[in-house]
Amino acid sequence: MIIPFVNSDLREISTSTLAYIGDAVYELYARCHVASHCSTKSGLMHKMTIKYVSATAQAKAVRELQNDLTAAELSYYKRGRNSNPGSMAKNASPEDYRCATGFEALIGYLFLDNKSERMEFLLAKVFSVLDEEEWNWNEVLPEEFGAE
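Quick note: the sequence shown, position 60, residue 60 per the numbering used here, numbers continuous.
Hints should not be assumed to be uniformly reliable.
[What the hints assert, rightly or not] Computed beta-carbon distance windows for the label pairs:
#	residue 1	residue 2	range
1	Arg11	Cys38	35 to 41 Å
2	Thr17	Ala124	21 to 27 Å
3	Ser14	Asn114	29 to 35 Å
4	Thr56	Ser116	23 to 29 Å
5	Thr40	Leu74	18 to 24 Å
6	Ser36	Asp68	21 to 27 Å
7	Ser39	Ser93	19 to 25 Å
8	Pro94	Lys125	37 to 43 Å
[Stated by the list, open to error] Derived DSSO-like pairs: lysine-lysine, alpha-carbon spacing no greater than 30 Å straight-line:
#	residue 1	residue 2
9	Lys51	Lys90
10	Lys60	Lys78
11	Lys125	Lys47
12	Lys125	Lys51
13	Lys60	Lys90
14	Lys60	Lys125
15	Lys115	Lys60
16	Lys60	Lys41
17	Lys51	Lys115
18	Lys41	Lys125
To be clear, the hints were calculated from the coordinates, so they are not data collected in a lab.
Owing to the predicted nature of the structure, the values given are computational and were not obtained by experimental measurement.
No residue lacks a Cβ here, since even glycine has one placed at the ideal position from N, Cα and C.
From just these sequences and the hints, can you work out the full model?
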């Protein structure tokens with residue numbers, strides 16, 4: 001895979017670009033995580049994925065990860081968290097939205113720096129934390145997610 005920013009100094013890439021890339025990467029991993037646990041209608045899987053990709057869920061996840069981050073990772077997270085986003089989430093507090101933006105910037109940094117092993121380690125921790133909160137995969141009932 002050719003990643004256009006790999007030869008760049010990632011410190012020079014804007015926080016919004018890191019978060020933009022991180023958002024896409026994280027959503028793909030969240031979709032794969034859901035699909036690996038339950039194969040059902042795409043609409044239902046989408047509703048389940050939202051439980052992982054919401055700003056509130058991302059903020060919770062990154063708060064759990066903070067003590068596990070390296071100095072460089074923490075720096076990218078803080079850059080994203082402290083950035084001035086152009087908009088705010090409708091369904092999240094401003095604090096959670098900023099934390100989620102920091103989380104996405106962190107994931108964007110790890111992805112663009114080809115640190116896939118480290119990124120996948122952290123994402124596994126994220127999914128573990130969120131799975132404990134959201135559901136036991138063996139007990140998921142479709143009616144919980146609006147299925148008919």
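Evaluated hints:
no.	hint	result
1	Arg11 x Cys38: 35 to 41 Å	40 Å, holds
2	Thr17 x Ala124: 21 to 27 Å	25 Å, holds
3	Ser14 x Asn114: 29 to 35 Å	19 Å, violated
4	Thr56 x Ser116: 23 to 29 Å	26 Å, holds
5	Thr40 x Leu74: 18 to 24 Å	37 Å, violated
6	Ser36 x Asp68: 21 to 27 Å	23 Å, holds
7	Ser39 x Ser93: 19 to 25 Å	34 Å, violated
8	Pro94 x Lys125: 37 to 43 Å	25 Å, violated
9	Lys51 x Lys90	15 Å, holds
10	Lys60 x Lys78	15 Å, holds
11	Lys125 x Lys47	21 Å, holds
12	Lys125 x Lys51	15 Å, holds
13	Lys60 x Lys90	17 Å, holds
14	Lys60 x Lys125	12 Å, holds
15	Lys115 x Lys60	22 Å, holds
16	Lys60 x Lys41	27 Å, holds
17	Lys51 x Lys115	25 Å, holds
18	Lys41 x Lys125	26 Å, holds
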